[in-house]
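Protein chains: 2
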Amino acid sequence: MNAEIITIGDEILLGQIVDSNSAWIGQQLNLLNIRVRQITSIADKAQDITQSLSLASSRAELIIVTGGLGPTKDDVTRQTISTYFNKPLVRDAAVLKHVETLFKRFAPDRMMPEINKAQADVLDGCEVLFNDVGTAPGMWIEHQQIKYVFLPGVPFEMKFLTTNRILPKLRDGQREAVAHRHIITIGLGESFLAREITDIEESLPESIKLAYLPKLGLVRLRLTQIGESESSIDYFHNLLVERLGRHVVSTSDISLEQAIVESFTQKGLKLATAESCTGGGIASSITSVPGASCIFDCGIVAYHNTIKQNLLGVDPKVLDQYGAVSEQTVIQMAEGVKKLSHADYAIASSGIAGPGGGTPEKPVGTVWIAVSGKNKTISRLFNFQNSREINIERSIAQALAMLWNLYIEELDN
Amino acid sequence: MNAEIITIGDEILLGQIVDSNSAWIGQQLNLLNIRVRQITSIADKAQDITQSLSLASSRAELIIVTGGLGPTKDDVTRQTISTYFNKPLVRDAAVLKHVETLFKRFAPDRMMPEINKAQADVLDGCEVLFNDVGTAPGMWIEHQQIKYVFLPGVPFEMKFLTTNRILPKLRDGQREAVAHRHIITIGLGESFLAREITDIEESLPESIKLAYLPKLGLVRLRLTQIGESESSIDYFHNLLVERLGRHVVSTSDISLEQAIVESFTQKGLKLATAESCTGGGIASSITSVPGASCIFDCGIVAYHNTIKQNLLGVDPKVLDQYGAVSEQTVIQMAEGVKKLSHADYAIASSGIAGPGGGTPEKPVGTVWIAVSGKNKTISRLFNFQNSREINIERSIAQALAMLWNLYIEELDN
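In the order they appear, the protein sequences are chains B and A.
Counted the way numbering that gives the first Met the number 0 counts, the first sequence spans residues 0 to 412.
Counted the way numbering that gives the first Met the number 0 counts, the second sequence spans residues 0 to 412.
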């Protein structure tokens, strides 16, 4: 089944909020083997709503609309769909009672304004999707073989109605299965990867699609199979995993940080960080993963040289002779924090993130990263030459990639 | 001018990534008084791309398309637009040289595959938007009075090209001047703020609009004046700043982190951090600001209790009696890191970010934050009860707000 999502509201078009609702709905539909063909964000305008509904109904059998069901006058969705479907709005008695109860709870001393009662207005003949967690109900409308669902835009109300009212209804009508398999790879650029697996990619049947999703040093491969048994997708998944060997970080759809936390947890390993130019970003990206406390005890942000000396034990002579942004310093930082925290692995960064602080010898974007492992410490110089934000982001990504590579190397030995 | 944004790529439709690019572009265009009328997300499919371009060109004069410019064969955008505009693709020599240089830098020992060269293919007659920070260039195409812009989907490349290539071109082409003034406020909710300035808002001329942009404890006020001299916008800006007094964090459009770095630099103050549940996120948000090294020497991520004891000097008895997530511990963490680093101010966090680790007494989302200043230490308990990501994000925002409030209070004394 093809679906489309339409979000109504100026906030997304103005960039005041990011549309995370659609991504969430996309995930849910995907799990139910329903393919989202298009997501459209439009303003609270009758003409735009009508055009979007009309176009979507020419392409999809399921149309999910969020937003525009609030009580204020800039929400025109109800009137517009009444015209679009050529059916009147009727006031639902059960919903009205619910709206009145909620209003009393939040404002016990006030009379409910007429405008709020309009939230109980639903399209005549629709299936009312009762909203336990908010005032505006959802509506399920079947019209000329197409399913239309209207939902409030408030994320937790939308999620409640989707989970409890819509997905159960959709779960029945499935004809075709959709299956996905993922491979997270490291150490091969998108084009090298493509060359490495050309023959496998060319042998894929029509029903299986391969997508490359590159991101900061990793390439995520996604196989999607539509409409057949899952045996062949697993066959190709295995083929790819075998071919890519040590470049495979994970065979499921996780981040490098998640892979590190999972693997280190399994092996009982601990990681520590000593950051200068990344300013806590490496620690932050590791600790964003649930369960990071199993592998991470300690991180030091050593922005000033005295902290590098006093906490991490970097030799003042090294700082004097080579400077803070040097291989010697970053190695001592990594080894220092490893010792301090009794960790098995440690990452250190020192560089010039910019925009200030560059010199002809060490321009902005010069970054040294060291990773100290069980048996050795590796270090590498990068020249990112970008904005502060990007220099930091890339330093973090490269540091985690270096950690992964050393971890895999030491695993083999 | 009306604009539309089209994003190409399955990842958004599958819900694997949230479309934050469009919101960012929407903000930038809005500042130029260009109204985004629709945002459309579609798959890497020639037919869908063609239909979207065709429909968008019937509604808007500016169409910004992101994504689908990668080197692999699932990116069909280039071929599709060649057909759509009925013009061949040509290989741009300068871009090819740039792609080769970048390739050499990242993989000095390898031959560049043919597939990468295709990234230098651009539409014949387009204006090539040279991409300093990545391989795929952008393209600016004017066709039947409509401006089409094609950009890579990688956020930092998209942002670089928008900021440095597209916005300047759009700014030059504008007929009416657009001026903005900002006020960043803290400590007043949106509705209280509105009540505080009702009379000023009502006295605004037709040509000046006031927008409220609330986000995580701050409210950003934006005055926009279209088409007149800038004198009156400054008059109203001053009126608002005067009225809001100590609630004003900044009179320009900067983040709270930037305001902290600026103010602390001016006063010669230093900040330190001792983080548990925020895992380096507070240090990271401060050090994301250029010039942060003037105010920030040291941050400790003390995830494990032994680090809280050994590095920050938290009393083991306090940890035993009250636990790591307690007012007593977080106060000792803040005071400990302040002493350790000789800073003037210190922030500490300790909480249960989740999803694991909650108890009936201290459920997920329980977070203690302390800020130690020149004369006193303040602390506060929060109950965010959200996902790990949101709990961390809110903890950081609240910690910075608490720091700012204590700083302003101690400034007055």
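Hints are computed from structural coordinates only; laboratory data are not their basis.
Honestly, I wouldn't trust all of these hints.
Since copy identity is lost for identical chains, a pair holds within one copy or between any two.
[Unchecked claim] With a cut-off of at most 27 Å between alpha-carbon atoms, the simulated BS3-like pairs for lysine-lysine come out as follows:
| no. | residue 1 | residue 2 |
| --- | --- | --- |
| 1 | K146 | K44 |
| 2 | K103 | K316 |
| 3 | K158 | K103 |
| 4 | K116 | K214 |
| 5 | K269 | K168 |
| 6 | K103 | K214 |
| 7 | K338 | K266 |
| 8 | K168 | K103 |
| 9 | K375 | K86 |
| 10 | K208 | K44 |
| 11 | K158 | K214 |
| 12 | K214 | K44 |
| 13 | K338 | K316 |
| 14 | K269 | K373 |
| 15 | K316 | K146 |
| 16 | K338 | K158 |
| 17 | K158 | K361 |
| 18 | K146 | K86 |
| 19 | K86 | K361 |
| 20 | K316 | K361 |
Against the structure, the hints:
Proximity of K146 to K44 under the C-alpha cut-off of 27 Å is found in both arrangements, the shortest distances being 22 Å within a copy and 24 Å between copies. In the homo-oligomer, the alpha carbons of K103 and K316 never lie at most 27 Å apart, since the shortest distance is 57 Å inside one protomer and 35 Å across protomers. In this assembly of identical chains, K158 and K103 lie within 27 Å of each other by CA distance solely inside one copy; the values are 24 Å within and 47 Å between copies. Taking the shortest Cα distances, K116 and K214 sit within 27 Å of each other only across copies (20 Å), while inside one copy they are farther apart (43 Å).
In this homomeric assembly, K269 and K168 never come within 27 Å of each other (Cα to Cα): the closest approach is 41 Å inside a single copy and 51 Å across copies. For the homomeric pair K103 and K214, the shortest alpha-carbon distance between copies (19 Å) is at most 27 Å, but the shortest distance inside one copy (43 Å) is not. Taking the closest pair of Cα atoms, K338 and K266 come within 27 Å of each other only inside a single copy of the chain (19 Å); across copies the shortest separation is 37 Å, beyond that limit. Neither within a single protomer nor between protomers do K168 and K103 lie at most 27 Å apart by alpha-carbon distance, with minima of 32 Å and 54 Å respectively.
Taking CA atoms no more than 27 Å apart as the test, K375 paired with K86 passes in neither setting, with 69 Å inside one copy and 56 Å between copies. For the identical chains of this complex, K208 and K44 are inter-copy neighbours only, at 12 Å across copies versus 38 Å inside a copy, given an alpha-carbon limit of 27 Å. For the identical chains of this complex, K158 and K214 are neighbours both inside a copy (22 Å) and across copies (16 Å), given an alpha-carbon limit of 27 Å. In this homomeric assembly, K214 and K44 come within 27 Å of each other (Cα to Cα) only across copies, at 21 Å, whereas the closest approach inside a single copy is 37 Å.
Proximity of K338 to K316 under the C-alpha cut-off of 27 Å is found in both arrangements, the shortest distances being 20 Å within a copy and 25 Å between copies. Within a single copy, K269 and K373 get their C-alpha atoms as close as 11 Å, which meets the 27 Å cut-off; across copies the closest is 36 Å, which misses it. Taking CA atoms no more than 27 Å apart as the test, K316 paired with K146 passes in neither setting, with 68 Å inside one copy and 59 Å between copies. In this homomeric assembly, K338 and K158 never come within 27 Å of each other (Cα to Cα): the closest approach is 41 Å inside a single copy and 41 Å across copies.
Taking the closest pair of Cα atoms, K158 and K361 come within 27 Å of each other only across two copies (26 Å); inside a single copy the shortest separation is 41 Å, beyond that limit. With identical chains, the CA atoms of K146 and K86 are at most 27 Å apart within one copy only, with a shortest distance of 16 Å there and 40 Å across copies. In the homo-oligomer, the alpha carbons of K86 and K361 never lie at most 27 Å apart, since the shortest distance is 64 Å inside one protomer and 45 Å across protomers. Taking the shortest alpha-carbon separations for K316 and K361, only the intra-copy value of 19 Å comes in at or below 27 Å, while the best inter-copy value is 48 Å.
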